[in-house]
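Trainee: Now for the letters of each chain:
6 protein chains.
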Amino acid sequence: MPYINIKVTDELVTREQKQKLIEGITRLMVEVLNKNPDTTHVVIDEVPIDNWGLSGRQYSEIKKYKK
Amino acid sequence: MPYINIKVTDELVTREQKQKLIEGITRLMVEVLNKNPDTTHVVIDEVPIDNWGLSGRQYSEIKKYKK
Amino acid sequence: MPYINIKVTDELVTREQKQKLIEGITRLMVEVLNKNPDTTHVVIDEVPIDNWGLSGRQYSEIKKYKK
Amino acid sequence: MPYINIKVTDELVTREQKQKLIEGITRLMVEVLNKNPDTTHVVIDEVPIDNWGLSGRQYSEIKKYKK
Amino acid sequence: MPYINIKVTDELVTREQKQKLIEGITRLMVEVLNKNPDTTHVVIDEVPIDNWGLSGRQYSEIKKYKK
Amino acid sequence: MPYINIKVTDELVTREQKQKLIEGITRLMVEVLNKNPDTTHVVIDEVPIDNWGLSGRQYSEIKKYKK
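Chains A, B, C, D, E and F are the protein sequences, given in the same order.
One point on numbering: in UniProt numbering, the residue at position 38 of the first sequence is 38, and numbering is uninterrupted.
One point on numbering: in UniProt numbering, the residue at position 41 of the second sequence is 41, and numbering is uninterrupted.
One point on numbering: in UniProt numbering, the residue at position 38 of the third sequence is 38, and numbering is uninterrupted.
One point on numbering: in UniProt numbering, the residue at position 57 of the fourth sequence is 57, and numbering is uninterrupted.
One point on numbering: in UniProt numbering, the residue at position 56 of the fifth sequence is 56, and numbering is uninterrupted.
One point on numbering: in UniProt numbering, the residue at position 60 of the sixth sequence is 60, and numbering is uninterrupted.
The hints are all genuine.
It does not matter which identical chain is used: a pair holds within one copy or between any two.
Computed cross-link-like contacts, DSS-like style, restricted to lysine-lysine with a CA-CA straight-line distance of at most 30 Å:
(1) Lys64 / Lys20
(2) Lys20 / Lys63
(3) Lys63 / Lys35
(4) Lys35 / Lys64
(5) Lys20 / Lys66
(6) Lys35 / Lys66
(7) Lys35 / Lys20
Since the hints were made in silico from the structure, they are not lab data.
Construct all of the structure, not just a fragment, from the sequences and the given hints.
Mentor: The structure is reproduced here in structure tokens:
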């Protein structure tokens, strides 16, 4: 009966990537914890880059200097 | 002082339905736990159906075969 | 497929009260949103009263003056 | 290694306000808990006013009568 | 910069199982989303079985009849 | 009406530190967003160090090598 919530910055995560995350995490729950996949829920929240802060700064600012 | 967070798939939940959820949950907190409604917060998050996984698959895929 | 998380102060919530909350919220999801109870998860987190703040003060402090 | 999640009603929070929240909260974690800012994450979720309930009513309704 | 929160029933999850979950989920974030493991946080919350509800019933009740 | 949830490793956070976090975050909400402190809730979750992962490893492991 696990519930897994992923918070990730909203940077063009594709439908296929989401499917892979859901599949991979569900498989982990089955293999490591012997959970039933039919009661395993995975929810992905995509967070705008202005709304995520790290080291005291918005990720939208951090990104500018990463390139 | 309860805080209740509802995660639900984003499938045209109406304003009236949201009001009923907020009202019903707040009433439960008052009746069951004797809480003050003025400090009872309810927050509804609507999750895109590509972002919710069950049984290792995206809900957008599951929906196709439910009909 | 809703997931509902309740945060409530840890003040001797009984097993029966928890059961009533789970039952009542699940019924709301069925009646208001037509959800399947078998995919409706409710998780209750009990928070120590030192760890909950309101109006800028710990609830353990607020409680002292409520009586 | 703290992670801080802010839920706030979606009422035109500006980029500058978000930056101030991220900066202020990160500073608190450093000053009060001696945390490393480089592992301090702050995530802001803006919630539509129809989706936030207080006192059993939607905030969109409460707002009408506040003016 | 993902943050992943796992809610799982508190049923003797071992230290080794927790390590496998953390490792497996972090690897997924790197492989699927190309994330930096050094900003990937995984937090596991173990929920007492009286506090988790499914199908309108406490998991502690459901468990009795599963055997 | 903000709700703020802090997840922090469980490493002897004192009552005074919790009070400072609650006070500081509430003040930020008032100063930056003009929020009412009486509807500002802060909830602190202390997470066992075996249950927090960073860089794919449990924090309890990381700590051993930090000294």
